[in-house]
Amino acid sequence: MAATSTPLAGSGPSRSARSFIERLRSGDQVAHAITLAAAASILLLTGLLVYELFIHSSETRAKFGWSFLFTQTWDPVADEYGALPFIYGTLVSSALALLIGIPLGVGAAIFLAELAPPKISDALTFLIELLAAVPSVIYGLLGIFVLVPLLRIVEPAIRSVLGWTPLFQGPFYGVSLFSAGVVLSVMIVPFIISISREVIRAVPADQREAALALGATRWEATWDVVIPYAKSGILGSIFLALARSLGETMAVTMVIGNDPKIKASLFAPGYSIAAVIANEFTEATGDIYTSALIELGLVLFGLTIVINALARALVATGNRGGNA
Amino acid sequence: MQASAPKSQMELTMPTPTNSSALGASEGTSASTIKLSATDLNFHYGSFQALHGISMKIYANRVTAFIGPSGCGKSTFLRTLNRLNEAVRNTRVDGTVLLDGQDIHDIEVSELRRRVGMVFQRSNPFPKSIFENVAYGLRINGMASNRARLREAVEQSLRRAALWDEVKDKLNQSAYGLSGGQQQRLCIARALAVNPEVLLLDEPCSALDPIATAKIEDLIFQLKDSCTIVIVTHNMQQAARVADFTGFFLLGRLIEFDGTTVIFKNPAKKETEDYVTGRFG
Chain A
5 MAATSTPLAG SGPSRSARSF IERLRSGDQV AHAITLAAAA SILLLTGLLV
55 YELFIHSSET RAKFGWSFLF TQTWDPVADE YGALPFIYGT LVSSALALLI
105 GIPLGVGAAI FLAELAPPKI SDALTFLIEL LAAVPSVIYG LLGIFVLVPL
155 LRIVEPAIRS VLGWTPLFQG PFYGVSLFSA GVVLSVMIVP FIISISREVI
205 RAVPADQREA ALALGATRWE ATWDVVIPYA KSGILGSIFL ALARSLGETM
255 AVTMVIGNDP KIKASLFAPG YSIAAVIANE FTEATGDIYT SALIELGLVL
305 FGLTIVINAL ARALVATGNR GGNA
Chain B
427 MQASAPKSQM ELTMPTPTNS SALGASEGTS ASTIKLSATD LNFHYGSFQA
477 LHGISMKIYA NRVTAFIGPS GCGKSTFLRT LNRLNEAVRN TRVDGTVLLD
527 GQDIHDIEVS ELRRRVGMVF QRSNPFPKSI FENVAYGLRI NGMASNRARL
577 REAVEQSLRR AALWDEVKDK LNQSAYGLSG GQQQRLCIAR ALAVNPEVLL
627 LDEPCSALDP IATAKIEDLI FQLKDSCTIV IVTHNMQQAA RVADFTGFFL
677 LGRLIEFDGT TVIFKNPAKK ETEDYVTGRF G
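For the protein sequence lines, the chains are A and B, in the order given. The letter at position 239 of the first sequence is residue 243 when you use this note's numbering, and the numbering goes up by one with no holes. The letter at position 163 of the second sequence is residue 589 when you use this note's numbering, and the numbering goes up by one with no holes.
Worth flagging that the hints you see were computed from the coordinates, not collected in a lab. Hints may contain errors.
If you only want the chain A side, here are some residues facing chain B, beta carbon under 7 Å, derived [claimed, not checked]:
1. A99
2. D126
3. L128
4. L216
5. L218
6. T221
On the chain B side, residues computed to face chain A include the following (Cβ under 8 Å) [unchecked claim]:
7. N511
8. A513
9. E537
10. M544
11. A570
12. F647
13. K650
Within a straight-line C-alpha distance of at most 30 Å, the following computed DSSO-like cross-link-like pairs (lysine-lysine) qualify [stated by the list, open to error]:
14. K696/B with K483/B
15. K483/B with K691/B
16. K594/B with K235/A
17. K596/B with K235/A
18. K267/A with K123/A
19. K650/B with K483/B
All values derive from a computational prediction rather than experimental measurement. We put the beta carbon where it would ideally sit given N, CA and C, even for glycine.
Can you make the complete structure from the sequences, with help from the hints?
Rendered as C-alpha cells:
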C-alpha cells in the first residue's frame, strides 16, 4: 500500500486525476453506475405503472369503492361495473391450468432429467423450448381449431365420470372456462418442464448416490432425495407458469367464451380480467367505462402480486418445515 | 488427545505379516474369513479402461486401505464393490466379485447395497433433519416396523457413529447445521443404520481437519468388530494408522497388496516403495 502510493505522491497535481482515470479503467466505478441505473429503472418502471393505473381509475374508485371487487354486474349501458366475474374467471382458469400443468410438467421434467438417454433428452428439450416461444395467439388458434373440437368429443366421457359434481353440469358449447384452463395448461407446461429439468439436473450426483448406496431403487432416489432437493427450483418454475397464466390474454379470449357471469360449472363460458381489457378497451366510450377497465388492470396487478407473495411465503414456511 | 488414540490402538491391532510374497495371504490373525473377493476385474468408462485385471481378497472384520495417486482407479474399484458405477452411463465391467462366495451380480442390487454400505468423499447429508437422515435407509428397506423401533435404531446408529451425545438434543434440526466432521459422522451413522456387513469409505477424511479426522479413525477401529471396512485414502499416514491390509494402485492396476506394515516397511515392488517413501505421486 505505502509502496504504491509513494511514487504517485511524487507526481504532484496530476495524481488525483490520474488515479481517477486508472480507477475508471479498472471498471469498478463504471460498472457500479451502470448496474445501479439498470436496477433503479426497474423500480421506476414498476412505480410508474402502478401510478398510472391508480390515477386513471380514480372515477370508478370514487364511485364504487371496494364494492367494485365484490359485485357481479358488468353493464356498460347503465354504467354499472363489478369486477367479480373477471376475478373469478382469471383465478379458476389459472387454477385449472396448474392442476393439469404441474403433474404433466414435473413428470416430463423428471423423465427428461433422470430417465431419458441424454440425446433424446436434449432433442426433446430443444422442442419444448421452442414451444415456450410460440406466440399466444397461435395457441388460441390451436385452442379453437383443435382443442375445442377435441373437448367436444371427450366431454361425454368427462360428464359420465364427474357429471355428478356441480363443476361439470349444464350444456357444453366448446368455449368455456374448462377450455381456457386446458389451453393455458398447454401453454405453461413448457416453462415448468424446461426450468424443472435444469433444476433436477443440477442436484449434486452425490445426493443421488447416497440414496442408491443405502439400497434405494432409482425411483426412490429420485422421489425421496432428488425431487426434495430440487423442490424450491421446481416451485419457482410453477410460480413463473402461474404468473404467465394469470396474465395470459389472447389465447384465453379466444376460448373462454367472454361472458361475465359466475357459474359453478366449468363447462359454462366465463371471462378473465386480461381478456375483457383486450376486448373492450378500444370500444370503451365514456370516462367511467375506461376507468373501470383500467381499475381491472390494477386489480390484475394486485392479484399477481398477492398470489406471488403468498406462494413465496408458502415456500419459505415449507423450507423451514422440511429442514426442521 | 483425540489424535493420539488411533496410534496406540494401531499397535494393538496391526497384523504381523509372516511372508510378503503371497498377495493377501499374510494376515496376522488366523481366524480371518474372506468377505469379498475380486477376480480379474476390468472396468471401462466408454473407451477408456480404468481398471486392469484387479484381483484381491478382502478379509472380514479387517480394515483394508487402497492408496495410490489421483486417477489410479482406487475409487473406481471401490465403487464396483457395491455396483454404484452401474449408475454412471457408458460404463462396462467384467470379471467377478464375490460377496461371501456369491457373485454380486446375482444379488439384487438394492439388497447388495444394503449389505455393502458406502460413505463418500464429501459429506452428503440429505436436506432433512438429523433424525430423518439416519432413518431414511431404515424406511426404504422396511427395517423398522414402528415408530419406537425406528427411534431406537436411529439412536443406536448415532451412538455407533459416536455422534449421539452431540446431536441428541437437536435430532429434528437440519443436518446442514452440523460441522463438516459431524456431517461426515452423520453420513457414517446413516450408512450404519441398515446394518451393512461391509462399509466402503471413499476418502472420508479428505475435507476434514485433523481432530475430526482422528474421530473418524477412532470410529473405524470400533466398527471393525461388526463390519468389514474398505477405505480409499490419499493420506498414507492414515492408511498406516488404520489399515490391516493395504493395496497400492497405479494407473488402473493393483501393483501390490499385502499387510500394511509390509507395504510401508518392506514393499516387494519398486513402484510401491517409491510411492510410500514420497518419491512420486
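Each hint, compared with the structure:
no.: 1; hint: A99; in the structure: violated, 29 Å
no.: 2; hint: D126; in the structure: violated, 14 Å
no.: 3; hint: L128; in the structure: violated, 17 Å
no.: 4; hint: L216; in the structure: holds, 6 Å
no.: 5; hint: L218; in the structure: holds, 4 Å
no.: 6; hint: T221; in the structure: holds, 6 Å
no.: 7; hint: N511; in the structure: violated, 10 Å
no.: 8; hint: A513; in the structure: holds, 6 Å
no.: 9; hint: E537; in the structure: holds, 7 Å
no.: 10; hint: M544; in the structure: holds, 4 Å
no.: 11; hint: A570; in the structure: violated, 14 Å
no.: 12; hint: F647; in the structure: violated, 23 Å
no.: 13; hint: K650; in the structure: violated, 19 Å
no.: 14; hint: K696/B with K483/B; in the structure: holds, 22 Å
no.: 15; hint: K483/B with K691/B; in the structure: holds, 21 Å
no.: 16; hint: K594/B with K235/A; in the structure: holds, 28 Å
no.: 17; hint: K596/B with K235/A; in the structure: holds, 24 Å
no.: 18; hint: K267/A with K123/A; in the structure: violated, 47 Å
no.: 19; hint: K650/B with K483/B; in the structure: holds, 16 Å
In this structure, the hints that do not hold are numbers 1, 2, 3, 7, 11, 12, 13 and 18, in rising order.
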